[in-house]
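Using the sequences plus the hints, can you model the full thing?
Take a look at the letters that make up each chain.
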Amino acid sequence: MAVAKSGNSKETPEERFLKAFDEYNDALFRHAFLRISNRERAIDIVHDTYTKVWSYIRGGYEIDNFRPFLYKVLNNLIIDEYRKRKEFSLDALLEVDGVDEGSFDELNESTVEAMAATLDGKKAFDLLSELPEQYREVIIYRFVDQLGPREISELIEESENVVSVRIHRGLKMLRNKIEAGNDMAEFRRTEKAKK
Amino acid sequence: MKKFTKQLETKASVVKLSALERKELRERVVSYMEYHPLAITKVAPKVVKQPLLAEPFKVVHFNFMKGRILQWGGVTAALLMVVTPVLAERAIPGDVLYAVKVQINEPVRSTLAFSPYQKVEWETELLNRRLAEARVLAREGKLNGEVEVAIATAVKEHSENAKREIEELRESDAEEAALATIAFNTTLEVQSASLREEGALLATAEGAGTVTLLETVINETLTQQASEESNTTILSLERLMARVEENTTRVYQLLESVTLIDAETHQDVNRRLQDIERTVQEGLDLREGGDAASAPLLIDALERSQRLIVFLSELQVGQSAKVEKYVPVVLTPEEKQNFIEQSEKTLAEQRAFITSNSLLVTDAETVEKMQYALTTMASLKESLETKATFAEVQATYEEALAVGRDTIEFYRSLNIETDSSTSTPAIPEDTASTTDPLLDIDVEISTSTQLEIEV
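Taken in order, these protein sequences are the chains called A and V. So the first sequence is numbered by the numbering used here: it starts at 1 and just counts up by one. So the second sequence is numbered by the numbering used here: it starts at 1001 and just counts up by one.
Incorrect hints may appear among the rest.
Pair ranges (Cβ atoms, derived) [unchecked claim]: (1) A:S37 <-> V:S1031: 24 to 30 Å; (2) V:L1038 <-> A:S37: 52 to 58 Å; (3) V:S1031 <-> A:K122: 50 to 56 Å; (4) A:S129 <-> V:S1031: 32 to 38 Å; (5) V:A1039 <-> A:E113: 45 to 51 Å; (6) V:G1145 <-> A:E15: 55 to 61 Å; (7) V:Y1035 <-> A:N38: 25 to 31 Å; (8) A:K19 <-> V:V1083: 46 to 52 Å; (9) V:A1039 <-> A:E179: 56 to 62 Å; (10) V:E1160 <-> A:P13: 48 to 54 Å; (11) V:Y1035 <-> A:E179: 50 to 56 Å.
DSSO-like, lysine-lysine: derived pairs with alpha carbons at most 30 Å apart [said to hold, decoys possible]: (12) V:K1003 <-> A:K122; (13) V:K1003 <-> A:K172; (14) A:K172 <-> A:K123; (15) V:K1006 <-> A:K19; (16) V:K1325 <-> V:K1336; (17) V:K1011 <-> A:K84; (18) A:K52 <-> V:K1142; (19) V:K1336 <-> A:K19; (20) A:K122 <-> A:K172; (21) A:K172 <-> V:K1016; (22) V:K1003 <-> A:K72; (23) V:K1023 <-> A:K19.
Covered by chain V, per the in silico footprint, the following chain A stretches (three or more residues, Cβ under 8 Å) [as the list claims (entries may be wrong)]: (24) 22-36; (25) 55-63.
FYI, nobody ran anything at the bench for these hints, they're computed from the structure. The beta carbon of each residue, even a glycine, is placed where N, CA and C say it ideally should be.
Next comes the structure, spelled out in structure tokens:
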């Protein structure tokens, strides 16, 4: 997470806002696209994010650091988007209910790193869309947007523990999927060889 | 972990907006911002409307509604920018448009005065304008104490500005400063003279002593100027010429622009312009005698042209006056010759009349008086030889003629039967010589004082 930039008093609010646009539009779009897998909608959501933030500024809010604020708004908009697509929201609700506090392993950041080290990043990226929403969300935040567990917990309004557990489990799922993929490839190769 | 993150990042970095998408998105956001601009949170400092000038001047506030100003924008702009200033030019204190004249027209015009000389000129012009306004007000009986004080203050300010400019000019260009001083002083003299005259005129009428304050201010400045004028700079003819030229050009311009000018005044002004040109020519003819010889003539021409400018400026504000008061006619050589001849003739007739009729008078006192008149006339005629300028000659002739006229009138009032040869110039010029012995008696007595006692 970037250190909070103190606003340059010489800049007008408009200038600061446009600077934030230029700085974060790609990252926000990437995040939105990975979450909802729809390019057009992702662009719209980024647009809505900026217009919403602008409305806050117009309302008299002084935004010291744009990045977390933009992510927060973006996250809310993505959740709204899920609600529109009912199948997602139901899944999410069910999953959220079933989240436990997690084991020691799952809460330990070093084990997350250890596990991540064993994974193929390229394959993991391709498999992201197959993860359930709440895991995909944290994985994207953690590894694409490079946010820390605390920032993620603030964004999705869950405890840091929950975030850590989800990241851990998400990675585990990815690993299983990668292995399954590998197994599948292996299976196909052997099948081919048999023929 | 590093490897994983890096691999994931490289993959993820492919996911991004295309340049076109980014551009479009930015445009959408920017246009949203434009349609939803930030509310102006800071309350704009309230502009305190205060009268721009002291009490006697009215300040007009135009309150246009926003819609109206757009709707009638063109008309309003034309009205404000063209019609109003033009109308305002002739405004006098108390008029609605006077504020426009003083606050807008004149400051705008003053920006056109670049050189220090032009600045002096402009300040002088402003001074003239104020005084002319005062006169118009006085004539209309609207000049009360308050207005007069305001005008006097303005006059003082303008004259001080002019003086300051002259001082500044003196440091850089003494000659130019001298020229400016001439122009400025001439104006002051003219104004002072006409104010004095008017003061006398008004003293007899109702508004007694109304212009006295202004007169005091002007005279004050004039005396100050006179004391400072001691350092005389020798002026080059070229510059004097140039200045006269400029002034006459200005006179022509004014003559064009003043609409309320009657044919007679027009003719009179043209006559004065011709006079000036002649004087300049005379000055140039004298050039061989050195600059010193011709400079006074040119300075005279300059002063006269300045007076004409003052006169025309007055006309511009509706002041009616005779040119003669400002710039007396200068006679051409032929006219001068004519005048001398005519005067000689009349003088001879008068003397013939007096001489012949004095013989019929028995009363000793009357005879003495008539003899004395003859003597005075003769001595005046004699003194003509010593007069250097035509103006002096003219004055002498006029004096002599006046003496003659008065004596004749006195004689007629006695109801003595006049000699039949009243107007015959029977006794020609040489009779003058016969009175010569008489002349010697009073030779040391100043003619003018004698005349005053006598007439």
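Structure-based check of all given hints:
no. : hint                           : result
1   : A:S37 <-> V:S1031: 24 to 30 Å  : holds (28 Å)
2   : V:L1038 <-> A:S37: 52 to 58 Å  : violated (36 Å)
3   : V:S1031 <-> A:K122: 50 to 56 Å : violated (39 Å)
4   : A:S129 <-> V:S1031: 32 to 38 Å : holds (33 Å)
5   : V:A1039 <-> A:E113: 45 to 51 Å : holds (48 Å)
6   : V:G1145 <-> A:E15: 55 to 61 Å  : holds (60 Å)
7   : V:Y1035 <-> A:N38: 25 to 31 Å  : holds (26 Å)
8   : A:K19 <-> V:V1083: 46 to 52 Å  : holds (50 Å)
9   : V:A1039 <-> A:E179: 56 to 62 Å : holds (58 Å)
10  : V:E1160 <-> A:P13: 48 to 54 Å  : holds (51 Å)
11  : V:Y1035 <-> A:E179: 50 to 56 Å : holds (53 Å)
12  : V:K1003 <-> A:K122             : holds (10 Å)
13  : V:K1003 <-> A:K172             : holds (17 Å)
14  : A:K172 <-> A:K123              : holds (13 Å)
15  : V:K1006 <-> A:K19              : holds (27 Å)
16  : V:K1325 <-> V:K1336            : holds (20 Å)
17  : V:K1011 <-> A:K84              : holds (29 Å)
18  : A:K52 <-> V:K1142              : violated (68 Å)
19  : V:K1336 <-> A:K19              : violated (90 Å)
20  : A:K122 <-> A:K172              : holds (16 Å)
21  : A:K172 <-> V:K1016             : holds (27 Å)
22  : V:K1003 <-> A:K72              : holds (28 Å)
23  : V:K1023 <-> A:K19              : holds (14 Å)
24  : 22-36                          : holds (count 7)
25  : 55-63                          : holds (count 4)
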